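Peer 1: Residues per chain, in single letters:
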Amino acid sequence: MMNINKMTALDIGAEIKKGNITAVDAVKAFYDTIESTDNIINAFITTNKAEALRKAEDVQKKIDSGKLTGSLAGVPIAIKDNICTKGMKTTCASKMLGDFIPVYNATVIEKLEQAGVIIIGKLNMDEFAMGSTNETSYYGSCKNPWNTNKVSGGSSGGAAASVASNQVPMALGSDTGGSIRQPASYCGVTGFKPTYGTVSRYGLIAYASSLDQIGPIAKSVQDCAAVMDVICGKDERDGTTLDIKYGGLLESLNGNIKGMKIGLPKQCFDKGLDNQVKNSILSMSDTLKELGAQVDYIEMSFLDYVIPTYYILASAEASSNLSRFDGVKFGFRAKSFDGVTDMYSVTRSEGFGDEVKKRILLGTFVLSSGYYDAYYRKALQVKSLISKKFNEIFQNFDAILCPTTPTTAPNLDQSLSDPLQMYLSDIYTVSANLAGLPGLSIPCGFDQSGMPIGAQIIGAPLDDKKILNIGFAYQQNTEFHKMSPKGV
Amino acid sequence: MKITKEIVESVANLSRIKLDEAATVKMQTELGAVIDYMEILNSLDTKEIEPMSHIFSLNNVMRDDLIKPSIDRQEILSNAPDHTDETFVVPKTVG
Chain A
39 MMNINKMTAL DIGAEIKKGN ITAVDAVKAF YDTIESTDNI INAFITTNKA EALRKAEDVQ
99 KKIDSGKLTG SLAGVPIAIK DNICTKGMKT TCASKMLGDF IPVYNATVIE KLEQAGVIII
159 GKLNMDEFAM GSTNETSYYG SCKNPWNTNK VSGGSSGGAA ASVASNQVPM ALGSDTGGSI
219 RQPASYCGVT GFKPTYGTVS RYGLIAYASS LDQIGPIAKS VQDCAAVMDV ICGKDERDGT
279 TLDIKYGGLL ESLNGNIKGM KIGLPKQCFD KGLDNQVKNS ILSMSDTLKE LGAQVDYIEM
339 SFLDYVIPTY YILASAEASS NLSRFDGVKF GFRAKSFDGV TDMYSVTRSE GFGDEVKKRI
399 LLGTFVLSSG YYDAYYRKAL QVKSLISKKF NEIFQNFDAI LCPTTPTTAP NLDQSLSDPL
459 QMYLSDIYTV SANLAGLPGL SIPCGFDQSG MPIGAQIIGA PLDDKKILNI GFAYQQNTEF
519 HKMSPKGV
Chain B
12 MKITKEIVES VANLSRIKLD EAATVKMQTE LGAVIDYMEI LNSLDTKEIE PMSHIFSLNN
72 VMRDDLIKPS IDRQEILSNA PDHTDETFVV PKTVG
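Line by line, the protein sequences are chains A and B.
Heads up: the first sequence begins at 39 in our numbering, then just goes up one per residue.
Heads up: the second sequence begins at 12 in our numbering, then just goes up one per residue.
The hints are simulated quantities; they were obtained by calculation from the structure and are not laboratory data.
Mixed in with the good hints, there may be bad ones.
[Unchecked claim] Okay, derived cross-link-like pairs now, DSS-like style, lysine-lysine, Cα gap no bigger than 25 Å in a straight line: (1) A:K396 with B:K37; (2) A:K373 with B:K103; (3) A:K396 with B:K29; (4) B:K79 with A:K149; (5) A:K427 with B:K58; (6) A:K396 with A:K124; (7) B:K79 with A:K272; (8) B:K79 with A:K133; (9) A:K124 with B:K79; (10) A:K396 with B:K79; (11) A:K99 with A:K133; (12) A:K367 with B:K58; (13) B:K37 with A:K367; (14) A:K426 with B:K79; (15) A:K396 with B:K16; (16) A:K127 with A:K55.
Note that the structure is predicted; figures quoted are calculated from it, not measured.
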């Protein structure tokens with residue numbers, strides 16, 4: 039009897055195609071695990087078992103009749119709760135959208151459904167994707183399956199934890215400053231943030247539109263590539279999507295990285311990096327050398343500036359994007375207020391959590407008259423510098439290898455008391471968002487307490503295939519991505 | 012840059028977020044810490060650098076002006092906290 043829960047998404051898809059299992063078997067197996075583990079993990083905000091089983095039956099008929107032939111047909115997926123699903127509650131893990139039921143599907147949801155992928159629920163996250171530990175969720179923190187006293191990471195904590203605990207074979211997250219890669223690293227799974235503009239953001243509830251990008255979290259690089267092949271593409275409803283040839287990621291993976299030049303940024307190995315994380319990354323670098331890559335140290339002199347730049351730009355955009363939550367058209371409205379202006383203020387005070395309020399205030403401050411030039415404009419200039427430096431690096435290198443995070447997952451409640459420390463957990467990931475670059479996080483080891491360590495591979499714009507191939511080559515030769523937490 | 016209580020109150024008002032006394036003090040401390048941390052950017056000389064809002068140079072994205080069905084009004088209104096059959100309902104806005 040095969041254990042469906044431990045299989046990769048592509049393996050499940052292949053077994054369904056061969057007729058060894060059905061889409062309904064797959065959906066049932068994952069709900070069994072969700073039902074027996076999620077009271078502890080808290081990865082899901084909403085599940086839709088009856089609807090998912092009905093869809094699985096439909097999809098199975100289409101597979102049987104040859105109408106659906108894709109590699110992921112019949113395979114379950116779970117979706118971060120900031121991506122709109124028609125008829126299914128989409129809360130952004132906020133009281134503000136506690137009862138919000140979208141009347142349309144995000145483009146990525148339409149594409150998944152056309153490919154016969156079955157949506158089995160909506161995942162926990164930091165409120166409005168603002169946070170790096172999943173602890174700002176209105177629905178309680180999502181725990182790390184490797185040690186439930188630790189955070190799952192954020193903001194796509196539910197996505198990483200659900201895949202790590204075999205509740206689902208793959209998930210969609212979103213990444214504004216590391217929100218796919220950082221939790222993937224903490225939970226020992228594979229997470230991919232594609233080049234900005236390759237996946238439509240239509241139906242993704244905006245945090246910082248110039249940085250937000252949807253991407254997959256799964257058990258292998260191949261699964262991530264397969265999901266990307268389904269969700270990518272130009273979309274007329276998102277004017278920032280690129281009109282280019284992009285797909286064919288899965289079939290492009292060949293594991294050959296001979297002669298590739300990979301840079302290790304010196305600054306990432308300085309202060310603040312845990313020694314065990316450092317050793318794992320260096321050991322991965324040795325493996326890549328054995329596979330034929332050439333690895334050299336490089337300068338990333340701008341590292342100290344990325345977090346301030348990110349928080350200025352992201353908060354500024356958030357303050358504008360979140361002005362739509364006014365208690366009028368959808369979402370929460372306060373019960374008692376005095377006139378229309380007071381209705382806005384009381385609604386927003388009661389509906390948003392503290393971290394969201396802080397970022398709205400910060401964003402309003404950096405955009406306000408008298409401070410705009412000193413903060414917002416300055417950050418846009420630094421962003422330009424950072425982008426230029428990356429261009430220089432990629433003239434001589436194919437990819438950058440660095441840690442995904444400075445440490446393994448911290449304990450619950452640790453970060454809320456020291457917000458600046460929490461912000462620093464994104465120091466290696468945010469620059470890929472600022473420059474629009476593709477970034478992949480893959481498991482590359484464990485620390486002494488058994489917590490997963492993640493390595494990040496960053497590439498030049500649209501070199502998504504190249505960096506996925508480096509990750510693929512590594513996973514062909516290592517077992518870290520196949521490990522599961524105890525009891526799962 | 013010192014974040015004063017007045018700055019917090021003014022920004023909160025602009026953001027339409029109501030803060031009580033305790034929350035104002037807490038925000039003042041936390042915003043102060045973040046803004047302090049951001050001062051590091053001032054050590055970079057950016058005089059000659061153009062601000063970059065978009066990573067990839069984007070031109071205006073045009074489409075044909077075609078009439079397409081929109082989402083059903085009742086469906087849209089069903090998410091509103093207060094509504095009639097045709098409109099959103101808000102408190103009186105003009106005195």
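Peer 1: Confirm or reject each hint.
Peer 2: Against the structure, the hints:
A distance of roughly 10 Å separates the Cα atoms of K396 (chain A) and K37 (chain B); the hinted pair therefore holds under the 25 Å criterion. Restraint check for K373 (chain A) and K103 (chain B): satisfied, since their Cα atoms lie roughly 16 Å apart, inside the 25 Å limit. Note on K396 (chain A) and K29 (chain B): the hinted pairing holds, with a Cα-Cα distance of about 12 Å set against a maximum of 25 Å. The suggested pairing of K79 (chain B) with K149 (chain A) holds, with an alpha-carbon distance near 20 Å, which does not exceed 25 Å.
Proximity of K427 (chain A) to K58 (chain B) is assessed by CA-CA distance (about 17 Å); at most 25 Å being required, the pair is judged to hold. Among the hinted pairs, K396 (chain A) with K124 (chain A) is inconsistent with the structure: their alpha-carbon atoms are about 30 Å apart, more than 25 Å. For the hint linking K79 (chain B) to K272 (chain A), the alpha-carbon distance of about 19 Å falls within 25 Å, and the restraint holds. The suggested pairing of K79 (chain B) with K133 (chain A) is violated, with an alpha-carbon distance near 34 Å, which exceeds 25 Å.
Distance hint between K124 (chain A) and K79 (chain B) is fulfilled; the C-alpha atoms sit about 19 Å from each other, no more than 25 Å. Distance check on the hinted pair: K396 (chain A) and K79 (chain B) sit about 40 Å apart at the alpha-carbon level, beyond 25 Å; violated. A hinted pair counts as satisfied when its Cα atoms are at most 25 Å apart, and K99 (chain A) with K133 (chain A) does not qualify at roughly 39 Å. About 44 Å separates the Cα atoms of K367 (chain A) and K58 (chain B), which puts this hinted pair outside 25 Å; it is violated.
For the suggested pair K37 (chain B) and K367 (chain A), the alpha carbons sit about 31 Å apart, so the restraint of at most 25 Å is broken. Taken as a hint, the K426 (chain A) and K79 (chain B) pair is broken in the structure, with Cα atoms around 42 Å apart against an allowance of 25 Å. For the suggested pair K396 (chain A) and K16 (chain B), the alpha carbons sit about 14 Å apart, so the restraint of at most 25 Å is met. Using a Cα cut-off of 25 Å, the hinted pair K127 (chain A) and K55 (chain A) is violated, with the two alpha carbons roughly 31 Å apart.
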